[in-house]
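Visitor: As a plain string of letters, each chain reads:
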Amino acid sequence: MANITKKVSWSSRADESGAAGEGTPLLNGSEQPRHSRQESQRGRPKEIPHNEKLLSLKYESLDYDNIENQLFLEEERKMSYMGFRCLEISRWVVCGLIGFLTGLIACFIDIVVEQLAGIKYQVVKENIEKFTEVGGLSISLLLWAVLNSAIVMLGAIIVAFFEPIAAGSGIPQIKCYLNGIKIPRVVRLKTLVVKVGGVICSVVGGLAVGKEGPMIHSGAVVAAGVSQGRSTSLKRDFKIFEYFRRDTEKRDFVSAGAAAGVSAAFGAPVGGVLFSLEEGASFWNQMLTWRIFFASMISTFTLNFFLSIYHNKPGELSNPGLINFGRFQGDSVAYNLYEIPLFIAMGAIGGLLGALFNVLNYWLTIFRIRYVHRPCLQVMEAMLVAAVTATVSFTMIYFSNDCQPLGPEHTEEYPLQLFCADGEYNSMATAFFNTPERSVRSLFHNQPGTYNPLTLGLFTLTYFFLACWTYGLAVSAGVFIPSLLIGAAWGRLCGILLATITPDGSIWADPGKYALIGAAAQLGGIVRMTLSLTVIMVEATGNVTYGLPIMLVLMTAKIVGDYFVEGLYDIHIKLQSVPFLHWEAPATSHWLTAREVMSSPVTCLNRIEKVGTIVDTLSNTSTNHNGFPVVVKVSGSDEPPKLCGLILRSQLIVLLKHKVFVELARSRLTQRKLQLKDFRDAYPRFPPIQSIHVSQDERECMMDLTEFMNATPYTVPQETSLPRVFKLFRALGLRHLVVVDDENRVRVCVSVYSCMSLMITFLSLNAMMMMMTAVVLTSHFWFVTLLQVVGLVTRKDLARYHLGKHGLEELQLAQT
Amino acid sequence: MSLHKNCSFLVLIAINIYALVSSDAVNFGASDTADRLRQTPSLSPAVVNSPVVFKPVSDSSLSLLASLPEDLEINDYCSDLLLIFGQRYVAYVNCLVRAARPVMVCQNCSAGYSSLLDMYTNISSDQVGPGNVSCRDSLLRSDRLMLVFQLYNNLKNLWDSSGCKNCIAAGLQSPTNDTLYFMATLHQTTSCFDKYQHGNHTELCKNCKNTYKDLNELYSRMEKNQTLCIDIEDAMNMTRKEWSKKFNCSFPREETVPVIAVSSFMLFLPIIFYLSSFLHSEQKKRKLIHPKRAKSYTSLMNIQDKQS
Numbered sequence: 001m002a003n004i005t006k007k008v009s010w011s012s013r014a015d016e017s018g019a020a021g022e023g024t025p026l027l028n029g030s031e032q033p034r035h036s037r038q039e040s041q042r043g044r045p046k047e048i049p050h051n052e053k054l055l056s057l058k059y060e061s062l063d064y065d066n067i068e069n070q071l072f073l074e075e076e077r078k079m080s081y082m083g084f085r086c087l088e089i090s091r092w093v094v095c096g097l098i099g100f101l102t103g104l105i106a107c108f109i110d111i112v113v114e115q116l117a118g119i120k121y122q123v124v125k126e127n128i129e130k131f132t133e134v135g136g137l138s139i140s141l142l143l144w145a146v147l148n149s150a151i152v153m154l155g156a157i158i159v160a161f162f163e164p165i166a167a168g169s170g171i172p173q174i175k176c177y178l179n180g181i182k183i184p185r186v187v188r189l190k191t192l193v194v195k196v197g198g199v200i201c202s203v204v205g206g207l208a209v210g211k212e213g214p215m216i217h218s219g220a221v222v223a224a225g226v227s228q229g230r231s232t233s234l235k236r237d238f239k240i241f242e243y244f245r246r247d248t249e250k251r252d253f254v255s256a257g258a259a260a261g262v263s264a265a266f267g268a269p270v271g272g273v274l275f276s277l278e279e280g281a282s283f284w285n286q287m288l289t290w291r292i293f294f295a296s297m298i299s300t301f302t303l304n305f306f307l308s309i310y311h312n313k314p315g316e317l318s319n320p321g322l323i324n325f326g327r328f329q330g331d332s333v334a335y336n337l338y339e340i341p342l343f344i345a346m347g348a349i350g351g352l353l354g355a356l357f358n359v360l361n362y363w364l365t366i367f368r369i370r371y372v373h374r375p376c377l378q379v380m381e382a383m384l385v386a387a388v389t390a391t392v393s394f395t396m397i398y399f400s401n402d403c404q405p406l407g408p409e410h411t412e413e414y415p416l417q418l419f420c421a422d423g424e425y426n427s428m429a430t431a432f433f434n435t436p437e438r439s440v441r442s443l444f445h446n447q448p449g450t451y452n453p454l455t456l457g458l459f460t461l462t463y464f465f466l467a468c469w470t471y472g473l474a475v476s477a478g479v480f481i482p483s484l485l486i487g488a489a490w491g492r493l494c495g496i497l498l499a500t501i502t503p504d505g506s507i508w509a510d511p512g513k514y515a516l517i518g519a520a521a522q523l524g525g526i527v528r529m530t531l532s533l534t535v536i537m538v539e540a541t542g543n544v545t546y547g548l549p550i551m552l553v554l555m556t557a558k559i560v561g562d563y564f565v566e567g568l569y570d571i572h573i574k575l576q577s578v579p580f581l582h583w584e585a586p587a588t589s590h591w592l593t594a595r596e597v598m599s600s601p602v603t604c605l606n607r608i609e610k611v612g613t614i615v616d617t618l619s620n621t622s623t624n625h626n627g628f629p630v631v632v633k634v635s636g637s638d639e640p641p642k643l644c645g646l647i648l649r650s651q652l653i654v655l656l657k658h659k660v661f662v663e664l665a666r667s668r669l670t671q672r673k674l675q676l677k678d679f680r681d682a683y684p685r686f687p688p689i690q691s692i693h694v695s696q697d698e699r700e701c702m703m704d705l706t707e708f709m710n711a712t713p714y715t716v717p718q719e720t721s722l723p724r725v726f727k728l729f730r731a732l733g734l735r736h737l738v739v740v741d742d743e744n745r746v747r748v749c750v751s752v753y754s755c756m757s758l759m760i761t762f763l764s765l766n767a768m769m770m771m772m773t774a775v776v777l778t779s780h781f782w783f784v785t786l787l788q789v790v791g792l793v794t795r796k797d798l799a800r801y802h803l804g805k806h807g808l809e810e811l812q813l814a815q816t
Numbered sequence: 001m002s003l004h005k006n007c008s009f010l011v012l013i014a015i016n017i018y019a020l021v022s023s024d025a026v027n028f029g030a031s032d033t034a035d036r037l038r039q040t041p042s043l044s045p046a047v048v049n050s051p052v053v054f055k056p057v058s059d060s061s062l063s064l065l066a067s068l069p070e071d072l073e074i075n076d077y078c079s080d081l082l083l084i085f086g087q088r089y090v091a092y093v094n095c096l097v098r099a100a101r102p103v104m105v106c107q108n109c110s111a112g113y114s115s116l117l118d119m120y121t122n123i124s125s126d127q128v129g130p131g132n133v134s135c136r137d138s139l140l141r142s143d144r145l146m147l148v149f150q151l152y153n154n155l156k157n158l159w160d161s162s163g164c165k166n167c168i169a170a171g172l173q174s175p176t177n178d179t180l181y182f183m184a185t186l187h188q189t190t191s192c193f194d195k196y197q198h199g200n201h202t203e204l205c206k207n208c209k210n211t212y213k214d215l216n217e218l219y220s221r222m223e224k225n226q227t228l229c230i231d232i233e234d235a236m237n238m239t240r241k242e243w244s245k246k247f248n249c250s251f252p253r254e255e256t257v258p259v260i261a262v263s264s265f266m267l268f269l270p271i272i273f274y275l276s277s278f279l280h281s282e283q284k285k286r287k288l289i290h291p292k293r294a295k296s297y298t299s300l301m302n303i304q305d306k307q308s
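Same order as they appear, the protein sequences are chains A and B.
First residue of the first sequence: 1, per full-length UniProt numbering; consecutive thereafter.
First residue of the second sequence: 1, per full-length UniProt numbering; consecutive thereafter.
Read the hints as simulated data drawn from the structure, not as lab findings.
One or more of the hints may lead you astray.
Using 25 Å as the maximum straight-line C-alpha spacing, the simulated SDA-like pairs for lysine to any residue come out as follows [said to hold, decoys possible]: (1) 805(A) - 591(A); (2) 245(B) - 453(A); (3) 130(A) - 97(B); (4) 241(B) - 134(A); (5) 53(A) - 626(A); (6) 206(B) - 617(A); (7) 284(B) - 374(A); (8) 287(B) - 603(A); (9) 657(A) - 72(A); (10) 241(B) - 205(B); (11) 224(B) - 119(A); (12) 165(B) - 209(B); (13) 241(B) - 452(A); (14) 206(B) - 184(B); (15) 285(B) - 663(A); (16) 206(B) - 127(A); (17) 182(A) - 617(A); (18) 285(B) - 621(A); (19) 727(A) - 706(A); (20) 796(A) - 248(A); (21) 58(A) - 231(A); (22) 182(A) - 245(B); (23) 657(A) - 687(A); (24) 58(A) - 285(B); (25) 125(A) - 446(A); (26) 182(A) - 284(B); (27) 53(A) - 283(B); (28) 78(A) - 58(A); (29) 53(A) - 625(A); (30) 130(A) - 250(B); (31) 285(B) - 268(B); (32) 245(B) - 73(A); (33) 213(B) - 134(A); (34) 165(B) - 86(B); (35) 125(A) - 255(B); (36) 58(A) - 245(A).
Treat the numbers as computed from the prediction; the structure is a model and nothing was measured.
Extracted from the complex, chain A is given alone in its bound form:
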């Protein structure tokens, strides 16, 4: 069997007797002896420890495909040409606002972090100086540790207790959002506030983290907020941009916000656009690119402008990003052809170290999900990490013998002397006793000979484990800067070693250059981004000549790293059990068809349905469906009902809320017709079904869904292959795909041209155009028939299949 497919169960202590290491074939799983043994235990749902091969039920899809019901079409038709022009202009305005606000937030974070960190380091420095003289340095150590823990505790409390989704860098969450998954609360104002506060606390608290990743999340939240023209948290509705209150438009703005975030973080507007492209590329067009670029530019310009005012040089726009790698000048930029193999080798090292980082973090994260899930435990863990970070840093500094003379320019912000001779400072302290991004800059730019190899080696080692331990804590913090720092340290080490082993090495081995290459390799090895990361690095260094080496290094790092384990963000997405759809369907999935993938039988609703049935369907907790095919009974025959549309849970809830019942409409002739606006007002927080009260009388009423259902849902026959279904989902941003029966039905199969007349009689012009496109795109035939529903494919059904080590594997659905 070449393609054995297995349902690999993760073995654990508690479950060892059960399924440890035992694999059951995927498709005929129920026929396995083990399964029948479990059959007896059925009754209560099976419980297993959390692992990466699960799909959570709590995530829903976003409707990236417009719901084309009659209301929508009517409104679109009413809009004039000028109306569309105005919309286009307001899109630009919104993008400008997104850029501006994102830049402001970045500026705020930067200034606050600098001020607070300045105070903290000053206090600790004075204390250390005092106790160096009179003795009692262990008190300084305690002071440092306690200060760190206290600040981090604050950050961890707001994250763990108020908004857990704000933990981490936020890049995985935004990746999921752009992929089409609705992560609850990810783009709310509260999340933004917690994120900003959390990131300030964690950077000031001296954790091995950066503030760049969270900027991307912040930008996305800003975008989602601004584009809606209201804030549900603040209960303010500005009555503007109402047209944008749906998933499709919001997604475009969120990608602009993510781009603006990257751009503010790294001063890399093009990198930001490419980041959005890389993460949300399935829905893309040129106009959108241009708008997103506009948002990015505005964002970096705003940051620039306000930072220049802060630095008392108004109008001088030379602070392009939060992290400023500084400019590589003169000889240090030059590289030679014979250095390329060296760079590639460093890329491979970066890939290996990155894979190690990811594997360690994977085990740690699994442990955290299983055992450290209570908020107070999470806060304690974060505090411990902060205290240990301070302790390790202090110990390293204390025992370091690497003393360097103070430079004339005083690049060291907080030089610590300790036991060094007067006029010299402790070199280890520049690396540890500083905010991480300053350390990165000094690693890139300090003179050759500023660090001795032992210092760098020890620093790399400790910082690697600290950063790995820190990522995944319940604090909002990014992994970019720590990765860069680790990479810069060992890269500089490489540069120094190269210079010592070659007799005339000093000519070509500028340590700063190797620090940059090492940083790129390490970052590439951990996050495995490709195009956007290259451009971000090139833009952040402001040097196009490094394009080629950085690209080669990132490529090598990705290839080497992917051989062992996925990228850090992908690991975390998996561990969150998110139904994430990758670029393409898993290889070797061609023999799966829609029939095997789909959920069946499907809960269908009649076109004119009893309210009681609808309420019962929606209230049924065991089947938490979100899309319901609408069917119509063929009058006077006993044939099964035929598909005529698709309706969403959210729509049904709005209908129930407004009591759009046939009987009421008859009795109250003056009743206002439900408009699209009512759906928009409820968006995006539709109330749960439990909050809607339906009286006993009303349960007997009928509801006509004709106007509200999507009359032209996408359908596929049962025999459609999985990759094809996958492509539909990925390219169109579908949420539900109806699988229809193609057997024993009258099927009118017509060519493009002959079906035209037929369609014109049936369908609106808009729908026809869409169909025409579909016809041209998919095949030359169109099935004009009323089809019987046999199943429904959702994102979760597709995301279940993924390529594991033993071929195609199936993930299990679980309640989390």
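Take the given structure of chain A and dock chain B to it, following the hints.
Guide: Just chain B now, kept in the frame of chain A:
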């Protein structure tokens, strides 16, 4: 140019004037010369057009120039300025070299720089000298090498990077009071070092600690006020080196044991934390949901058979 030609009839008078000017020029300070020349503006243009007068002053290697058209030749007023510039330049460089180690350039040579600066200002001012020619054009920027400018620029860079401006009073003649005070304090410290250096170094560390500390504090105060120059920096550097390296008075690493104890306690905490949460915390379990699937295993079996 036309002006020059009109004035050429004054050549005879100019000879006399020249004799006066050239004999004095070397002896007077630059400013004096300039003043003198400024006092006799009506006469000076005549000097330009007198090759006969020019020759004795110029070096023999300039004979090539003799064949050039008259207008391109250097004004002898300018050549005088050049000469004085050269002398002062040499004087200043001499002073610098003598004050190189230990660095005393600010205290000893600032006056020299001041006079050099005056001369250069004269040359580079766009004031029109005698003969209606500004020396700035003829001396500073008439060739690719721009020797005068380069020479001056080198020294200016030296001056700027030495930071002497910060510790020499305005007029560049004498050190500021701050500098003098620092030097006095420094002297105290070094004499203290001298006094004890033959005995036990711990004795020295103990006895000179106060003066050394005062000196250090004074230095860091001056650092904040930005009144440091290379003289002070170097003197401080040397003293610090003596203190830390020669006499070994830096702080010893004494409290290794408490630091190790505290840090190992800190490092021990997470182990306890993780162990206790592993043992006591309830493991999070996930409820599996069985999705509804079409029951058509036969066809699937076929597919799988095809695969194998």
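Visitor: None of the hints should be skipped; say for each whether it holds.
Guide: Structure-based check of each hint:
With a C-alpha separation of about 19 Å, the suggested pair residue 805(A) and residue 591(A) falls inside the 25 Å cut-off, and the hint holds. Our distance criterion of 25 Å between C-alpha atoms is met by residue 245(B) and residue 453(A), whose separation comes to about 23 Å. The suggested pairing of residue 130(A) with residue 97(B) is violated, with an alpha-carbon distance near 42 Å, which exceeds 25 Å. Between the alpha carbons of residue 241(B) and residue 134(A) the distance comes to roughly 22 Å, so the proposed pair stays at or under 25 Å and holds.
A C-alpha spacing of about 23 Å is found between residue 53(A) and residue 626(A), which places the hinted pair at or below 25 Å, so the restraint holds. Taking the CA atoms of residue 206(B) and residue 617(A), the gap is about 89 Å. The hint is violated against a cut of 25 Å. Taking the CA atoms of residue 284(B) and residue 374(A), the gap is near 10 Å; set against the 25 Å cutoff, the hint holds. Pair hint residue 287(B) plus residue 603(A) holds up; C-alpha atoms about 23 Å apart against a cutoff of 25 Å.
For the given pair, residue 657(A) sits about 19 Å from residue 72(A) by alpha-carbon distance, which is consistent with the 25 Å threshold. Only pairs whose Cα atoms come within 25 Å are accepted, and residue 241(B) paired with residue 205(B) is accepted, the gap being roughly 13 Å. Taking the CA atoms of residue 224(B) and residue 119(A), the gap is near 18 Å; set against the 25 Å cutoff, the hint holds. Annotation: proposed proximity of residue 165(B) to residue 209(B) is violated, straight-line Cα distance about 31 Å (limit 25 Å).
For the hint linking residue 241(B) to residue 452(A), the alpha-carbon distance of about 21 Å falls within 25 Å, and the restraint holds. With a C-alpha separation of about 21 Å, the suggested pair residue 206(B) and residue 184(B) falls inside the 25 Å cut-off, and the hint holds. A hinted pair counts as satisfied when its Cα atoms are at most 25 Å apart, and residue 285(B) with residue 663(A) does not qualify at roughly 48 Å. For a cut-off of 25 Å, the pair hint linking residue 206(B) to residue 127(A) stands: about 23 Å separates their Cα positions.
Of the pairs offered as hints, the one joining residue 182(A) and residue 617(A) holds, with about 22 Å between alpha carbons and a cut-off of 25 Å not exceeded. Proposed proximity of residue 285(B) and residue 621(A) is supported: the alpha carbons are some 19 Å apart, at most 25 Å. Between residue 727(A) and residue 706(A) the CA atoms are separated by roughly 29 Å; this puts the pair beyond 25 Å, and the hint is violated. Under the criterion of a C-alpha separation no larger than 25 Å, the hint pairing residue 796(A) with residue 248(A) is consistent with the structure, at around 20 Å.
Between the alpha carbons of residue 58(A) and residue 231(A) the distance comes to roughly 24 Å, so the proposed pair stays at or under 25 Å and holds. For a cut-off of 25 Å, the pair hint linking residue 182(A) to residue 245(B) is broken: about 65 Å separates their Cα positions. For the suggested pair residue 657(A) and residue 687(A), the alpha carbons sit about 9 Å apart, so the restraint of at most 25 Å is met. Only pairs whose Cα atoms come within 25 Å are accepted, and residue 58(A) paired with residue 285(B) is accepted, the gap being roughly 15 Å.
The straight-line distance between the Cα atoms of residue 125(A) and residue 446(A) is roughly 22 Å, inside the 25 Å bound, and the hint therefore holds. Among the hinted pairs, residue 182(A) with residue 284(B) is consistent with the structure: their alpha-carbon atoms are about 23 Å apart, no more than 25 Å. For the suggested pair residue 53(A) and residue 283(B), the alpha carbons sit about 17 Å apart, so the restraint of at most 25 Å is met. At most 25 Å may separate the alpha-carbon atoms for a hinted pair to count; residue 78(A) and residue 58(A) exceed this at roughly 38 Å.
Using a Cα cut-off of 25 Å, the hinted pair residue 53(A) and residue 625(A) holds, with the two alpha carbons roughly 22 Å apart. Taking the CA atoms of residue 130(A) and residue 250(B), the gap is near 14 Å; set against the 25 Å cutoff, the hint holds. Pair hint residue 285(B) plus residue 268(B) does not hold up; C-alpha atoms about 29 Å apart against a cutoff of 25 Å. A C-alpha spacing of about 86 Å is found between residue 245(B) and residue 73(A), which places the hinted pair above 25 Å, so the restraint is violated.
Annotation: proposed proximity of residue 213(B) to residue 134(A) holds, straight-line Cα distance about 14 Å (limit 25 Å). Straight-line distance between C-alpha atoms of residue 165(B) and residue 86(B) comes to about 23 Å, which keeps the hinted pair within the 25 Å bound. With a CA separation close to 18 Å, the supplied pair residue 125(A) and residue 255(B) stays within the 25 Å bound. With a C-alpha separation of about 23 Å, the suggested pairing of residue 58(A) with residue 245(A) holds against the 25 Å cut-off.
Consistency with the previously given hints fails for numbers 3, 6, 12, 15, 19, 22, 28, 31, 32, ordered from lowest to highest.
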